[in-house]
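Please construct the entire structure, taking both the sequences and the accompanying hints into account.
Residue numbers (this note's numbering), protein chains in the order written: chain A, 3 to 90; chain B, 102 to 327.
Hint data in this document are derived by calculation from the structure and do not stem from the laboratory. Any given hint might turn out to be false.
Said to hold, decoys possible - Label-pair ranges, simulated between beta-carbon atoms:
{"no.": "1", "chain 1": "B", "residue 1": "Thr-199", "chain 2": "A", "residue 2": "Ser-87", "range": "35 to 45 Å"}
{"no.": "2", "chain 1": "B", "residue 1": "Gly-245", "chain 2": "A", "residue 2": "Asp-22", "range": "33 to 43 Å"}
{"no.": "3", "chain 1": "A", "residue 1": "Ala-90", "chain 2": "B", "residue 2": "Thr-197", "range": "16 to 26 Å"}
{"no.": "4", "chain 1": "B", "residue 1": "Lys-168", "chain 2": "A", "residue 2": "Asp-76", "range": "21 to 31 Å"}
As the list claims (entries may be wrong) - Subject to a maximum C-alpha distance of 30 Å in a straight line, what follows is the list of computed DSSO-like cross-link-like pairs (lysine-lysine):
{"no.": "5", "chain 1": "B", "residue 1": "Lys-249", "chain 2": "B", "residue 2": "Lys-178"}
{"no.": "6", "chain 1": "B", "residue 1": "Lys-186", "chain 2": "B", "residue 2": "Lys-204"}
{"no.": "7", "chain 1": "B", "residue 1": "Lys-262", "chain 2": "B", "residue 2": "Lys-185"}
{"no.": "8", "chain 1": "A", "residue 1": "Lys-11", "chain 2": "B", "residue 2": "Lys-213"}
{"no.": "9", "chain 1": "A", "residue 1": "Lys-86", "chain 2": "B", "residue 2": "Lys-262"}
{"no.": "10", "chain 1": "B", "residue 1": "Lys-168", "chain 2": "A", "residue 2": "Lys-86"}
{"no.": "11", "chain 1": "B", "residue 1": "Lys-262", "chain 2": "B", "residue 2": "Lys-213"}
{"no.": "12", "chain 1": "B", "residue 1": "Lys-262", "chain 2": "A", "residue 2": "Lys-11"}
{"no.": "13", "chain 1": "B", "residue 1": "Lys-178", "chain 2": "B", "residue 2": "Lys-168"}
{"no.": "14", "chain 1": "B", "residue 1": "Lys-213", "chain 2": "B", "residue 2": "Lys-138"}
{"no.": "15", "chain 1": "B", "residue 1": "Lys-138", "chain 2": "B", "residue 2": "Lys-249"}
{"no.": "16", "chain 1": "A", "residue 1": "Lys-86", "chain 2": "B", "residue 2": "Lys-249"}
{"no.": "17", "chain 1": "B", "residue 1": "Lys-213", "chain 2": "B", "residue 2": "Lys-168"}
{"no.": "18", "chain 1": "B", "residue 1": "Lys-186", "chain 2": "A", "residue 2": "Lys-86"}
{"no.": "19", "chain 1": "B", "residue 1": "Lys-159", "chain 2": "B", "residue 2": "Lys-262"}
{"no.": "20", "chain 1": "A", "residue 1": "Lys-86", "chain 2": "B", "residue 2": "Lys-204"}
{"no.": "21", "chain 1": "B", "residue 1": "Lys-204", "chain 2": "B", "residue 2": "Lys-249"}
{"no.": "22", "chain 1": "B", "residue 1": "Lys-168", "chain 2": "A", "residue 2": "Lys-41"}
{"no.": "23", "chain 1": "B", "residue 1": "Lys-178", "chain 2": "A", "residue 2": "Lys-86"}
{"no.": "24", "chain 1": "B", "residue 1": "Lys-159", "chain 2": "B", "residue 2": "Lys-178"}
{"no.": "25", "chain 1": "B", "residue 1": "Lys-204", "chain 2": "B", "residue 2": "Lys-138"}
{"no.": "26", "chain 1": "B", "residue 1": "Lys-262", "chain 2": "B", "residue 2": "Lys-249"}
{"no.": "27", "chain 1": "B", "residue 1": "Lys-204", "chain 2": "A", "residue 2": "Lys-11"}
{"no.": "28", "chain 1": "B", "residue 1": "Lys-213", "chain 2": "A", "residue 2": "Lys-41"}
{"no.": "29", "chain 1": "B", "residue 1": "Lys-159", "chain 2": "B", "residue 2": "Lys-185"}
{"no.": "30", "chain 1": "B", "residue 1": "Lys-178", "chain 2": "B", "residue 2": "Lys-138"}
{"no.": "31", "chain 1": "B", "residue 1": "Lys-138", "chain 2": "A", "residue 2": "Lys-11"}
{"no.": "32", "chain 1": "B", "residue 1": "Lys-213", "chain 2": "A", "residue 2": "Lys-86"}
Glycine included, C-beta positions come from ideal geometry on N, C-alpha and C.
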Amino acid sequence: MSHWMFNCKEVSRRVSESMDHRLPLYQRMLIRMHLLMCKYCTRFRRQLLLMREFSRSPQMAEDFLDPTVVLLPDARERIRQALKSSSA
Amino acid sequence: MTQITEEISSADPNLDPETWVDQYGDYLYRFALARIKDQAVAEDLVQETFLAALQGRKSFNGQSAVKTWLSAILKHKIVDYLRKKNREKAIDDIDTVTQTVEKFFHNNGSWKIPPSEWDDNPSKIYEQHEFMDTFFKCLSELPGRLSKVFMLREMEGLSNKEICNALQVSSTNSWVMLYRARAYLRRCLETFWFNNTKGSRKNNFTFLHLSFSPSLADTSLAKSSK
Numbered sequence: 003m004s005h006w007m008f009n010c011k012e013v014s015r016r017v018s019e020s021m022d023h024r025l026p027l028y029q030r031m032l033i034r035m036h037l038l039m040c041k042y043c044t045r046f047r048r049q050l051l052l053m054r055e056f057s058r059s060p061q062m063a064e065d066f067l068d069p070t071v072v073l074l075p076d077a078r079e080r081i082r083q084a085l086k087s088s089s090a
Numbered sequence: 102m103t104q105i106t107e108e109i110s111s112a113d114p115n116l117d118p119e120t121w122v123d124q125y126g127d128y129l130y131r132f133a134l135a136r137i138k139d140q141a142v143a144e145d146l147v148q149e150t151f152l153a154a155l156q157g158r159k160s161f162n163g164q165s166a167v168k169t170w171l172s173a174i175l176k177h178k179i180v181d182y183l184r185k186k187n188r189e190k191a192i193d194d195i196d197t198v199t200q201t202v203e204k205f206f207h208n209n210g211s212w213k214i215p216p217s218e219w220d221d222n223p224s225k226i227y228e229q230h231e232f233m234d235t236f237f238k239c240l241s242e243l244p245g246r247l248s249k250v251f252m253l254r255e256m257e258g259l260s261n262k263e264i265c266n267a268l269q270v271s272s273t274n275s276w277v278m279l280y281r282a283r284a285y286l287r288r289c290l291e292t293f294w295f296n297n298t299k300g301s302r303k304n305n306f307t308f309l310h311l312s313f314s315p316s317l318a319d320t321s322l323a324k325s326s327k
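The following block contains the structure:
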């Protein structure tokens, strides 16, 4: 691979970085060129984006929870007392 | 009601700690129990979450719902708990993660352990309860600062500036930390979820921390290069 092109390691790092801030134009172009040729880096990028998607999914917090599960009265009272004594 | 709680509740009725247990206790307990599977521990984590929220309530900016804020605190508590539970075997320093991520590549920067195709339907992955268990366990495999930076950015959606302030790191450092966390977590999920047959996934949970190490990466390398 030519020296002016990013290798997979550099692309993987910059793909991650691009999820946190806007990269300079020339870097975006080099990444795009690399991704056109490299199925592994394309896969890496897609999987990082997927990880973000399910990390932020409301389903992560809500869907599996059994609504019949509740704090037992003893535990509820213990927590309430702990909060009360901490805020006093 | 104490003076402190009066001040808080007068500003925002949802921020009255005395109502938290009734309003959010069951929800947080369900979430903790779903991840931890231990009633007593789940109760303790809920209590710790409320106490941490009480201490940190001044920093709550009100941009998110109180429930979301408390859930975020609980998720950190769960990952901390899982990490402590596996402390003897878990990776406990960032250098080890760095070395592991380095091993994904050859010296010339090409993939040594290329990402494999994830064959689950992406839109359905997080509808599977066991997947979320694997996800949290993989998160707990990361050193504390790396799991924290990942959770702040990817789960809570904080900006880079907010993360730099929270962790007292430079932007460059936060990007490097996020890269290592994402690369490691991606590989962990691949190893213990996507590359496993559904029947064996459950069993793998118990030795997750034992298996996902640089030596495992080497083993996978041998497989992938065949």
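Checklist entry - Checked against the structure, which of the hints given earlier come out wrong? => result 2, 3, 9, 11, 14, 17, 20, 22, 25, 31, 32
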